Amino acid sequence: MKYRIAYILLLIASSVYSQNKQILYDFTDLPQVLIQNPGAKVSFDKHFGIPLFSQFHFNAGSSGVSVHDIFSDDGQDINDKIRDAIFSMSNNDFMTVNQQLEIINGGWRKNESIYFSYGMYEELDFISYFPKDVAILAWEGNANYINKSFNLADVSFKGELISVLHFGINKQVNKKLTFGVRGKLYSSVFNIHSVKNKGTFTTRVSNTENNYYEHVLQNLDGTLHTSGLSSLLDDENSDASKDIKKIIPRFFFSGNFGFGVDLGFTIQANEQTTITASMLDFGAIFHSKEVENYHLNGSYTFEGIELVFPPIINNEGTTPYWQNFEEELDGNINIDTLQNSYVTWRSTKFNAAYKYSFGEKGGNDCNCLNTSDDEYQNAVGVQLFSMFRPKRPQFAAKVFYYRRLYDALRLKLTYTVDDYSFTNVGLGMSAHLGKINLYGMVDNLLQMQNISKAQSVSLQLGINLIVDSKD
Amino acid sequence: MIKQNIIKISLIALVLASFTSCVSDVDFDQAEDIMPSPTLESNLIYSTLIAPNFIDQQTQLEAAMVSDTTRLEVISSDFFVDQLAKANLSFKFTNSIQRDFLVDFEFLNDTNELRYHVQVLVHSGVVTNPILSETTVLIDEPEITTFKEATKLVYKISLPPSASPIGPNSQGQLDLQSKATLYFEL
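Heads up: the protein sequence lines correspond to chains A and B, in order. Note that this note's numbering has the first sequence beginning at 5, numbered continuously upward. Note that this note's numbering has the second sequence beginning at 342, numbered continuously upward.
Hints were generated in silico from the structure; no laboratory data involved. Accuracy of the hints is not assured; some may be wrong.
Here are the computed lysine-lysine pairs in the BS3-like style, where the Cα-Cα straight-line distance is at most 30 Å [unchecked claim]:
#1 B:K427 - A:K85
#2 A:K250 - A:K202
#3 A:K359 - A:K180
#4 B:K497 - A:K152
#5 A:K136 - B:K433
#6 A:K175 - A:K246
#7 B:K427 - A:K152
#8 A:K359 - A:K85
#9 A:K246 - A:K162
#10 A:K293 - A:K114
#11 A:K293 - A:K179
#12 A:K365 - A:K175
Just the calculated beta-carbon pair ranges, DEER-fashion [to be verified]:
#13 A:N96 - B:S418: 29 to 37 Å
#14 A:A401 - B:S418: 15 to 23 Å
#15 A:K152 - B:A405: 44 to 52 Å
From a predicted model like this one, the values you see are computed outputs, not experimental measurements. The C-beta atom is built at its ideal place from N, Cα and C for all residues, glycine as well.
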């Protein structure tokens, strides 16, 4: 049963794919836009997110299969469906989960041109590529794959839980240019990663003809890095609440700290055209506390146990063949536990957008309220997103339509194209009722009727207080 | 008024969208039926015995029986006991000694009780024309359960009385290759 659970996890893990908070990007009505682009052009004078409620963000996705592909109630044997899924995916398919919770988020305008913002959020980030060769070997075995080399390089994943304390400066240099920078202090609760593994396992027809086969472990070289995990896994208790008590202080004082920076700008090319770009999480975390690394390396060929029939025949078995085999294996394939510190780079993200605004100005179609500012009611544009990942960068492109309705409601409808889906329509809504701001954003609306068919799910929700002196 | 209504309607729509999003046509109970069933091919033992190996060192005469033993602890490991559904064992002999052999593969537990047994008659060959023979046995229910109690394998070669026994000058060799095909149900 435990193996089945592992398989289900592997498959579900392989069935989610994520992007970032792209609906939020360039949504300048919301203070959270500054987290996506510290150089966003914001007009409000002060903001304060409701602690713990200012933003919940979750996305998960898979470039390979959906939950529906495996669990659809179609009368087919689930084992056949899993087998099909394993063979339909490649080792470049991946699953990601990213979740963030803002603990605090606030900001204030220092003067006409400078806006400060600060905050703290928790982030859980996980990505695993589909370890295709390992999955085939585990699902089917080697019997039908004599002479095929199973590649350990397919194993590539990383996961971490961190807290981020940040402070940003947003400066409007002139009417055309706004830029911003945000400094970040990371505190790692735990980290686990295993990338750049090497080596193969092959069962081939014997060249020496000593036996049927040669089982060859060739040039194995794999590393699993962990920090902050051993005390959570080693302890005797299975009591989750004790683990949580252990985790919470580490959001502040884990000892495994890191630094990062966000940069961004807005160019107001003319009254109607805006170009923005940002780079997020350019930084690294230094792991030195509670580090446990495992290093596997070596080569070994196994032809079977050779019985040599020692000349003197006595009753009890003679040569300790099995023990010799185990010692030889241990001698050739090393698994070392190391405590050396290591550095992880954060997954740096890039955003860019071109926006064209048009239509009437002001937020009131009926002109019955005199609260309008000088913003256009409509905008269309394109956005690009890219993110560094262990094997290769991840890309997405989006077109959007933005609309203000009655000053109090702003909508953003998006259509996203990426390697994984061509049917991703998303919607963002931000309601502004006096100083209170409520917002919600959801991707993959077309799959809402049956979320199990979606290869990605992304949502953000939150409540802010926004003070705008123009109100 | 219109403004408030639109906001209200939009918020209701958003809330409804999140609630109506649902999971349909899926049956997670199927997880119960998930059963990976990998089949592994693995070498077992091998040996190369030349004719003089069958001479008793003390008497310098043909031995009646020679044997060697190895532990195979993996057979009784938890993983095998819990997950191994059936197994094929294959034994391939190449004999170029002018002598018939009766071979016994005895799978024993720690107290030397026989848990599984394969017997093979290997016919005599000559150096210029080695005789090849291959035996495959399937171990399925119910024998597989007792098989999985084995911890060691005895490879025993008996030499039935013969008019022309092996002598110090006999030529040829007896080679054994063996493998297991293991059918797991995880």
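Okay, the hints, checked on the actual structure:
1. Between K427 of chain B and K85 of chain A, the direct Cα distance comes to roughly 24 Å. Compliance with the 30 Å bound is thereby established for this hinted pair.
2. Taking the CA atoms of K250 of chain A and K202 of chain A, the gap is near 35 Å; set against the 30 Å cutoff, the hint is violated.
3. Of the supplied pair hints, the one linking K359 of chain A and K180 of chain A holds, its CA atoms being roughly 14 Å apart against a limit of 30 Å.
4. Among the hinted pairs, K497 of chain B with K152 of chain A is inconsistent with the structure: their alpha-carbon atoms are about 35 Å apart, more than 30 Å.
5. Proposed proximity of K136 of chain A and K433 of chain B is contradicted: the alpha carbons are some 34 Å apart, above 30 Å.
6. Distance hint between K175 of chain A and K246 of chain A is unfulfilled; the C-alpha atoms sit about 45 Å from each other, more than 30 Å.
7. Proposed proximity of K427 of chain B and K152 of chain A is supported: the alpha carbons are some 24 Å apart, at most 30 Å.
8. Between K359 of chain A and K85 of chain A the CA atoms are separated by roughly 44 Å; this puts the pair beyond 30 Å, and the hint is violated.
9. Distance restraint check for K246 of chain A and K162 of chain A: the Cα-Cα separation of roughly 25 Å lies within the 30 Å cut-off, and the hinted pair is therefore satisfied.
10. Of the pairs offered as hints, the one joining K293 of chain A and K114 of chain A is violated, with about 39 Å between alpha carbons and a cut-off of 30 Å exceeded.
11. A hinted pair counts as satisfied when its Cα atoms are at most 30 Å apart, and K293 of chain A with K179 of chain A does not qualify at roughly 48 Å.
12. Distance hint between K365 of chain A and K175 of chain A is fulfilled; the C-alpha atoms sit about 25 Å from each other, no more than 30 Å.
13. Look at N96 of chain A against S418 of chain B: about 36 Å separates their beta carbons, and that is inside 29 to 37 Å.
14. For A401 of chain A and S418 of chain B, the hinted distance range of 15 to 23 Å is not satisfied, since their beta carbons lie about 52 Å from each other.
15. Restraint check, K152 of chain A to A405 of chain B: a C-beta distance of roughly 46 Å satisfies the suggested window 44 to 52 Å.
Violated hints for the displayed structure, listed by number in ascending order: 2, 4, 5, 6, 8, 10, 11, 14.
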